[in-house]
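Here's the letter readout for the chains.
Number of protein chains: 2
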Amino acid sequence: MTDSQDAGRFRIGMAQINTTVGDFTGNRQKIITALKRARSSGVDLLAFPELATCGYPPEDLLFKPSFVTENLKSLEKIISDTSGISAIVGFVDKGDNGIYNAAAIIHDGKLASVYHKIHLPNYGVFDENRYFQSGKDCPVFVIAGVNVGVNVCEDIWIESGPARTQARSGAELIVNISASPYHFGKGDIREKMLTARATDNVAIVAFTNLVGGQDELVFDGGSLIVDETGKILARGKQFEEDLIIADLDVASVSPARSKAASTEEKGEIISLSEKSLHTGKSAITPHVARVQGFPEEVYSALVLGTRDYIRKNGFSEVLVGLSGGLDSSLVAAIGADALGKDNICGVAMPSPYSSPGSVTDAELLADNMGIKLLTVRIDKVFKEYLEMLSDSFAGKESDVTEENLQARIRGNILMALSNKFGWLVLTTGNKSEMATGYATLYGDMAGGFAVIKDIPKTMAYELAKYRNSLAEGEIIPESVITKPPSAELRPDQKDTDSLPAYDILDPILTAYVEEDKSIEEIIAAGNEESVVRQIARLVDLSEYKRRQAPPGIKITPRAFGRDRRLPITNRYNKD
Amino acid sequence: MTDSQDAGRFRIGMAQINTTVGDFTGNRQKIITALKRARSSGVDLLAFPELATCGYPPEDLLFKPSFVTENLKSLEKIISDTSGISAIVGFVDKGDNGIYNAAAIIHDGKLASVYHKIHLPNYGVFDENRYFQSGKDCPVFVIAGVNVGVNVCEDIWIESGPARTQARSGAELIVNISASPYHFGKGDIREKMLTARATDNVAIVAFTNLVGGQDELVFDGGSLIVDETGKILARGKQFEEDLIIADLDVASVSPARSKAASTEEKGEIISLSEKSLHTGKSAITPHVARVQGFPEEVYSALVLGTRDYIRKNGFSEVLVGLSGGLDSSLVAAIGADALGKDNICGVAMPSPYSSPGSVTDAELLADNMGIKLLTVRIDKVFKEYLEMLSDSFAGKESDVTEENLQARIRGNILMALSNKFGWLVLTTGNKSEMATGYATLYGDMAGGFAVIKDIPKTMAYELAKYRNSLAEGEIIPESVITKPPSAELRPDQKDTDSLPAYDILDPILTAYVEEDKSIEEIIAAGNEESVVRQIARLVDLSEYKRRQAPPGIKITPRAFGRDRRLPITNRYNKD
Numbered sequence: 001m002t003d004s005q006d007a008g009r010f011r012i013g014m015a016q017i018n019t020t021v022g023d024f025t026g027n028r029q030k031i032i033t034a035l036k037r038a039r040s041s042g043v044d045l046l047a048f049p050e051l052a053t054c055g056y057p058p059e060d061l062l063f064k065p066s067f068v069t070e071n072l073k074s075l076e077k078i079i080s081d082t083s084g085i086s087a088i089v090g091f092v093d094k095g096d097n098g099i100y101n102a103a104a105i106i107h108d109g110k111l112a113s114v115y116h117k118i119h120l121p122n123y124g125v126f127d128e129n130r131y132f133q134s135g136k137d138c139p140v141f142v143i144a145g146v147n148v149g150v151n152v153c154e155d156i157w158i159e160s161g162p163a164r165t166q167a168r169s170g171a172e173l174i175v176n177i178s179a180s181p182y183h184f185g186k187g188d189i190r191e192k193m194l195t196a197r198a199t200d201n202v203a204i205v206a207f208t209n210l211v212g213g214q215d216e217l218v219f220d221g222g223s224l225i226v227d228e229t230g231k232i233l234a235r236g237k238q239f240e241e242d243l244i245i246a247d248l249d250v251a252s253v254s255p256a257r258s259k260a261a262s263t264e265e266k267g268e269i270i271s272l273s274e275k276s277l278h279t280g281k282s283a284i285t286p287h288v289a290r291v292q293g294f295p296e297e298v299y300s301a302l303v304l305g306t307r308d309y310i311r312k313n314g315f316s317e318v319l320v321g322l323s324g325g326l327d328s329s330l331v332a333a334i335g336a337d338a339l340g341k342d343n344i345c346g347v348a349m350p351s352p353y354s355s356p357g358s359v360t361d362a363e364l365l366a367d368n369m370g371i372k373l374l375t376v377r378i379d380k381v382f383k384e385y386l387e388m389l390s391d392s393f394a395g396k397e398s399d400v401t402e403e404n405l406q407a408r409i410r411g412n413i414l415m416a417l418s419n420k421f422g423w424l425v426l427t428t429g430n431k432s433e434m435a436t437g438y439a440t441l442y443g444d445m446a447g448g449f450a451v452i453k454d455i456p457k458t459m460a461y462e463l464a465k466y467r468n469s470l471a472e473g474e475i476i477p478e479s480v481i482t483k484p485p486s487a488e489l490r491p492d493q494k495d496t497d498s499l500p501a502y503d504i505l506d507p508i509l510t511a512y513v514e515e516d517k518s519i520e521e522i523i524a525a526g527n528e529e530s531v532v533r534q535i536a537r538l539v540d541l542s543e544y545k546r547r548q549a550p551p552g553i554k555i556t557p558r559a560f561g562r563d564r565r566l567p568i569t570n571r572y573n574k575d
Numbered sequence: 001m002t003d004s005q006d007a008g009r010f011r012i013g014m015a016q017i018n019t020t021v022g023d024f025t026g027n028r029q030k031i032i033t034a035l036k037r038a039r040s041s042g043v044d045l046l047a048f049p050e051l052a053t054c055g056y057p058p059e060d061l062l063f064k065p066s067f068v069t070e071n072l073k074s075l076e077k078i079i080s081d082t083s084g085i086s087a088i089v090g091f092v093d094k095g096d097n098g099i100y101n102a103a104a105i106i107h108d109g110k111l112a113s114v115y116h117k118i119h120l121p122n123y124g125v126f127d128e129n130r131y132f133q134s135g136k137d138c139p140v141f142v143i144a145g146v147n148v149g150v151n152v153c154e155d156i157w158i159e160s161g162p163a164r165t166q167a168r169s170g171a172e173l174i175v176n177i178s179a180s181p182y183h184f185g186k187g188d189i190r191e192k193m194l195t196a197r198a199t200d201n202v203a204i205v206a207f208t209n210l211v212g213g214q215d216e217l218v219f220d221g222g223s224l225i226v227d228e229t230g231k232i233l234a235r236g237k238q239f240e241e242d243l244i245i246a247d248l249d250v251a252s253v254s255p256a257r258s259k260a261a262s263t264e265e266k267g268e269i270i271s272l273s274e275k276s277l278h279t280g281k282s283a284i285t286p287h288v289a290r291v292q293g294f295p296e297e298v299y300s301a302l303v304l305g306t307r308d309y310i311r312k313n314g315f316s317e318v319l320v321g322l323s324g325g326l327d328s329s330l331v332a333a334i335g336a337d338a339l340g341k342d343n344i345c346g347v348a349m350p351s352p353y354s355s356p357g358s359v360t361d362a363e364l365l366a367d368n369m370g371i372k373l374l375t376v377r378i379d380k381v382f383k384e385y386l387e388m389l390s391d392s393f394a395g396k397e398s399d400v401t402e403e404n405l406q407a408r409i410r411g412n413i414l415m416a417l418s419n420k421f422g423w424l425v426l427t428t429g430n431k432s433e434m435a436t437g438y439a440t441l442y443g444d445m446a447g448g449f450a451v452i453k454d455i456p457k458t459m460a461y462e463l464a465k466y467r468n469s470l471a472e473g474e475i476i477p478e479s480v481i482t483k484p485p486s487a488e489l490r491p492d493q494k495d496t497d498s499l500p501a502y503d504i505l506d507p508i509l510t511a512y513v514e515e516d517k518s519i520e521e522i523i524a525a526g527n528e529e530s531v532v533r534q535i536a537r538l539v540d541l542s543e544y545k546r547r548q549a550p551p552g553i554k555i556t557p558r559a560f561g562r563d564r565r566l567p568i569t570n571r572y573n574k575d
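So the sequence lines, in the order shown, correspond to chains A and B.
Anchor point for the first sequence: position 19 equals 19 in the numbering used here, and the numbering is continuous, going up by one each time.
Anchor point for the second sequence: position 446 equals 446 in the numbering used here, and the numbering is continuous, going up by one each time.
Hints in this document: simulated from the structure, not taken from any laboratory.
Heads up, none of these hints are tricks.
You can't tell identical chains apart in this list, so a pair holds if it fits in one copy or across any two.
Okay, derived cross-link-like pairs now, DSS-like style, lysine-lysine, Cα gap no bigger than 27 Å in a straight line:
id	residue 1	residue 2
1	64	574
2	380	396
3	383	420
4	574	94
5	420	380
6	494	420
7	396	341
8	372	420
9	237	30
10	574	77
11	281	237
12	545	494
13	420	396
14	396	372
15	64	545
16	110	281
17	396	494
18	574	420
19	574	73
20	30	574
Here the structure is a predicted model, which means the values were calculated and not measured.
With the hints as constraints, model all of the structure from the sequences given.
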């Protein structure tokens with residue numbers, strides 16, 4: 001490699017880090033560590049995710065002036081650590097009329113400029129209009145001789161947005177810093193969008209994404225560099241931290257793009273440096289991480305989301321009630337994969353209505369996984385409750401009350417173990433149950449984190465089979481997968497006593513909950529009217545239960561939680 | 001009264017109705033009933049609250065196309081019922097690029113025009129940017145010869161907003177339709193703002209507010225007419241439905257305002273009718289309802305919010321655990337006032353640690369109020385739990401686990417009674433407890449509605465004394481008010497074992513939770529550092545509990561719930 005070849009090379013780095021909201025010290029340490037590594041690798045420009053100083057989303061912490069101040073102080077410290085490199089760091093900027101979701105453009109120990117996010121998402125899980133002012137300017141920065149447009153997350157999703165303006169102003173490289181949360185299929189949508197943005201604007205697009213779990217969200221990483229022809233030059237790992245380094249042949253961009261450029265709209269051009277601070281570096285082959293397909297990516301999201309929720313909240317061990325059913329078995333497997341098998345404890349809590357198979361299935365699962373199993377029979381306490389309530393219940397038939405009581409005794413046992421030993425309780429309800437209210441408030445819904453609350457039951461089966469396919473032997477016993485689902489709260493109970501079969505139920509739920517289809521439309525799509533009306537009614541009536549459910553990981557395009565904000569008091573369709 | 005006097009009179013009506021979200025039929029019936037009453041009273045123009053067709057706030061129901069369609073159909077039916085009168089009705093309008101929070105200007109059976117809300121609130125409890133497009137035009141309508149500017153809720157709060165434009169375009173009367181939620185002190189703020197808007201623009205302002213409870217919000221009514229000199233001409237009742245009718249001397253507005261009018265900005269003028277449809281009507285003296293002060297208005301808000309949550313969700317009876325303490329006694333009083341004393345049942349659940357005074361206080365309260373009281377001792381079940389867990393807990397000391405177990409047994413009893421009899425459980429925790437996490441998840445936090453969750457403990461005392469002051473004899477026993485607060489979950493326990501005295505705690509909580517003050521600022525205001533740090537830490541660490549709490553009524557400027565959106569995973573200030 002000659003010097004002349006070397007001179008045309010621009011080395012970009014993307015630090016796909018796992019930040020924690022409010023952890024200024026920890027986030028800064030990650031940023032500074034990545035800066036050191038990148039500098040020693042001859043990186044010209046290192047990009048970090050959106051709001052890297054304070055983590056994403058900080059939500060109403062942004063209303064605390066002290067929080068914004070601390071974020072600015074943290075940025076100051078980061079700036080002083082950028083000698084010999086350029087960097088783009090997401091932070092909260094403070095202006096006269098409010099705060100901005102911003103990108104600091106830092107060069108060689110100095111803050112060169114600040115970009116303010118222009119397009120603020122205020123849909124789905126996002127509330128950015130609640131906090132931020134919109135930016136107005138989208139200049140182009142000359143960094144190591146390359147024209148670079150910088151923008152933040154949502155900005156790049158807008159076809160006629162900042163990327164276009166920046167390209168028309170001469171940007172050869174568009175650097176987008178994001179905190180783009182995962183949902184099933186999102187990676188594919190994102191890659192198509194980034195490819196369109198790169199080819200439409202004839203510019204290289206470098207997308208740096210956040211990775212990690214934050215409450216109900218998982219950021220999946222998968223940072224990406226797409227060249228002006230749509231070729232993927234680099235892809236970061238999914239669901240893991242990564243430092244992606246690539247050499248960009250920017251010289252080839254300009255000739256190709258001259259015909260696409262227009263003079264219609266031009267932003268400011270701000271020059272930071274005309275040539276690279278590094279010379280004589282040898283070529284680097286960027287890594288293109290493989291794309292995890294379904295169901296692997298969903299399983300990975302659940303593992304990362306669980307691990308980060310537990311650890312970032314200061315816990316190390318969890319416990320899970322093992323009923324011998326599919327959901328609790330799957331949650332136990334995810335928990336063990338997230339935290340290690342020594343950090344999870346199963347609890348079997350048989351009642352008079354538990355089948356012998358349930359107990360042996362729970363034991364077999366614990367054995368297969370090599371996890372601890374406690375067994376606590378609830379019979380006596382249940383009997384004592386019935387005795388205690390016998391006067392109040394005199395003359396009344398046994399009904400769902402007694403079923404819920406058993407579930408609540410189990411909830412109490414798990415919470416008592418949690419209180420006594422400092423273990424966090426993972427709950428085991430799936431999305432089909434959360435949707436229809438087929439769960440007991442303060443019973444099986446009791447716990448700190450609802451791992452699979454956004455996984456429809458039919459998908460839970462696929463995940464269980466996927467997990468088994470990874471192991472040498474069986475992890476989740478075959479009998480758990482094949483037996484008919486049952487809550488086992490009364491003799492011979494089956495889920496299908498109360499609900500349609502899950503392969504009928506789940507598509508109705510998707511249409512009603514995620515796609516806002518009307519009852520009439522769902523019937524017209526070929527579903528039985530009585531079933532559709534029953535399910536819609538159950539979904540609406542169960543809102544009060546969901547409001548008291550623990551958080552869980554968003555997996556579908558619309559999860560219960562801040563993604564779907566329905567009133568409890570709601571007479572729509574109730575006549 | 002001569003005909004010439006009569007001709008100068010414009011009769012306005014404001015229908016302060018209690019809508020229910022999604023209840024198109026019920027809301028329409030209320031609207032049509034009010035239209036009939038107003039027409040028979042010779043009203044020229046009748047205003048209804050914001051989004052009167054569908055209730056406020058409909059939240060994500062707005063994403064269902066069928067919901068928007070049904071609201072449009074409902075408006076059509078209302079329009080056909082407006083012969084012989086003009087009306088302004090809040091509804092959801094559908095445009096090419098989205099939906100609008102709109103006001104239909106209806107005249108004599110026809111839709112004359114539509115106004116689109118311009119300023120969309122997206123702070124506090126509001127998320128209107130999530131749903132609505134912003135309107136652009138603010139025309140003036142000639143109705144019965146009077147120039148009327150129409151706008152919606154937030155619009156009137158903006159000094160240089162639509163009201164100014166409309167006044168400058170000649171509006172003599174500004175009709176604002178609102179769904180303005182209550183918080184303590186809001187009425188006063190609102191009246192000052194409306195007075196400023198009227199006098200600044202030299203126009204009569206007629207503000208029609210919603211009344212009623214919707215989940216965590218209470219709309220307090222108190223609709224208002226302020227003339228161009230700032231005089232209050234009419235005020236609707238607070239916390240009740242009302243039909244306010246007033247004759248406006250519009251003739252006196254024009255001369256006064258000519259000097260204030262400017263030609264800078266003028267909107268369109270749309271003529272509906274040049275003279276009143278009614279003649280020969282006799283004068284009406286508008287009612288100026290008295291303003292409830294503190295603590296009356298807070299108590300009224302709690303009663304209305306509780307009644308509407310219970311009834312709009314299809315319940316008629318409630319139950320409440322009576323510990324003999326202040327909070328449960330206050331909640332029982334509110335519940336009885338909301339639903340009638342025959343629709344509330346108290347439950348005393350003494351444990352080995354309950355003082356004899358607690359049981360007798362609960363009995364005395366139930367006696368004073370004339371409500372049913374069940375007594376269910378938890379001793380045996382508690383003992384059986386300890387026995388059941390003895391192997392798992394071997395070698396461990398007794399701690400908060402055993403305290404929580406008692407609270408959870410009580411939660412289970414209340415939920416079992418709820419399940420068996422269809423009664424909704426009112427929980428009794430106050431804001432000081434919710435803030436610090438001094439409550440047991442699935443224990444005393446278990447229930448359907450948390451009546452006083454936004455009432456600081458110090459305010460709870462004032463409300464109890466206020467309620468006693470209304471009764472002939474004592475309602476809440478004096479001993480309940482004077483004894484030191486205790487959870488009674490271990491021998492001789494007092495709240496002050498874990499928390500500072502409430503008169504020290506509550507101001508710290510207000511500063512930290514409602515005012516976003518930093519720890520340093522709260523210390524600087526004269527609070528002890530160790531106490532402030534302890535409290536801030538408890539508030540932050542308890543976010544996970546609050547996330548699983550039942551809804552309750554917003555009373556303070558910032559309630560827990562959608563008003564305050566903090567992450568659970570949050571390391572800010574935790575180092």
